[in-house]
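These protein sequences, in sequence, are chains A and B.
When we follow the numbering used here, the leftmost residue of the first sequence carries the number 99, and every step to the right adds one.
When we follow the numbering used here, the leftmost residue of the second sequence carries the number 309, and every step to the right adds one.
If you're looking for bench data, these hints aren't it; they were derived computationally from the structure.
Quick caveat, the model's predicted, so the values are computed rather than measured.
Careful: at least some of the hints might be erroneous.
If the Cβ cut is set under 10 Å, some of the chain B residues that face chain A in the computed set are [said to hold, decoys possible]:
1. Phe341
2. Met342
3. Gln346
4. Arg349
5. Lys350
6. Pro352
7. Glu353
8. Ser361
9. Phe369
10. Thr394
11. Ala398
12. Ile406
13. Gly410
14. Leu413
15. Pro417
Glycine is no exception: its CB is placed at the ideal position from the N, C-alpha and C atoms.
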Amino acid sequence: GAVVSQHPSWVICKSGTSVKIECRSLDFQATTMFWYRQFPKQSLMLMATSNEGSKATYEQGVEKDKFLINHASLTLSTLTVTSAHPEDSSFYICSAQGQSPGTQYFGPGTRLLVL
Amino acid sequence: QKEVEQDPGPLSVPEGAIVSLNCTYSNSAFQYFMWYRQYSRKGPELLMYTYSSGNKEDGRFTAQVDKSSKYISLFIRDSQPSDSATYLCAMTPADKLIFGTGTRLQVFP
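Please work from the sequences and hints to get the whole structure.
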């Protein structure tokens, strides 16, 4: 149980294009999902908290107009990187809140490379 | 001072060794404590979840929490090469997770 999937697992795009990443909880419903970014050999950096049916809450320093988050259902959240630039290249990981307080189950991650 | 401090490692141990991974924290509001394992280029996998002081065992893994000292540990017994990964401690009052920086572990045959 508690499986989270992400799609795509990797994507290469040209500078200026937009990229959408999907995060799905496969066997449970998640009112809250989270989006993280991870640079090589560093820990996870929380970008935003996504609640089903409401606007996402972004962490300080994260541009909400650049990283659009939509949590349209209890099993799906999407992150769209708009007008991507090479500095947006990173490993993006989503997680879904579990039933036990504080627990999060992570997806396998999406590697984004912007040329 | 960071809210969560984790021994950076890296640790390199022989197969069969007992491994001890540690984190300290400063925020008394943290109530829930977790250990995640992350293989290279993968998302973190939840290993252990605890919310009270004391020990919790699951197979070869034991999580220890000492709230009075604000200290948590993960012990791995009979370590295997497949345990080679980065281990992240994480804790929360009940909402956002605060992660340690991770300890890279390598178990060699």
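Self-check item: Hint status (Cβ of Arg349 (chain B) to nearest Cβ of chain A, threshold 10 Å)
Solution: holds (7 Å)
Quiz item: Hey, does the Pro417 (chain B) contact hint survive, CB to chain A under 10 Å?
Solution: violated (24 Å)
Quiz item: Close enough to count: is the Cβ of Gln346 (chain B) nearer than 10 Å to one in chain A?
Solution: With Cβ-Cβ at 8 Å, under 10 Å, it holds.
Quiz item: Per the CB criterion, is Gly410 (chain B) less than 10 Å away from chain A?
Solution: holds (5 Å)
Practice problem: May I ask you to test the interface hint for Leu413 (chain B) with respect to chain A, counting a Cβ-Cβ separation under 10 Å as satisfied? | Solution: With a minimum Cβ separation of about 14 Å from chain A (threshold 10 Å), the hint on Leu413 (chain B) is violated.
Quiz item: Under the criterion of a CB-CB separation shorter than 10 Å, is Met342 (chain B) in contact with chain A as hinted?
Solution: holds (7 Å)
Quiz prompt | Restraint outcome when Ile406 (chain B) is required to lie within 10 Å of chain A by C-beta distance | solution = Where the cut-off is 10 Å and the nearest Cβ of chain A is about 9 Å from Ile406 (chain B), the hint holds.
Quiz item: Hint check: is the beta carbon of Pro352 (chain B) less than 10 Å from a beta carbon of chain A?
Solution: holds (5 Å)
Quiz item: When the nearest CB of chain A is found for Lys350 (chain B), is that gap smaller than 10 Å?
Solution: holds (6 Å)
Exercise. Please verify that hint: Glu353 (chain B), Cβ, nearest Cβ of chain A, below 10 Å or not.
Key: holds (7 Å)
Quiz item: At a threshold of 10 Å, is the proposed contact between Ala398 (chain B) and chain A supported by beta-carbon distances?
Solution: Nearest chain A Cβ about 8 Å off; hint holds.
Exercise. Using Cβ atoms only, decide whether Phe369 (chain B) comes closer than 10 Å to chain A, and label the hint accordingly.
Key: violated (16 Å)
Violated hints, listed in ascending order, are 8, 9, 14 and 15; each of the other numbered hints is respected by the structure.
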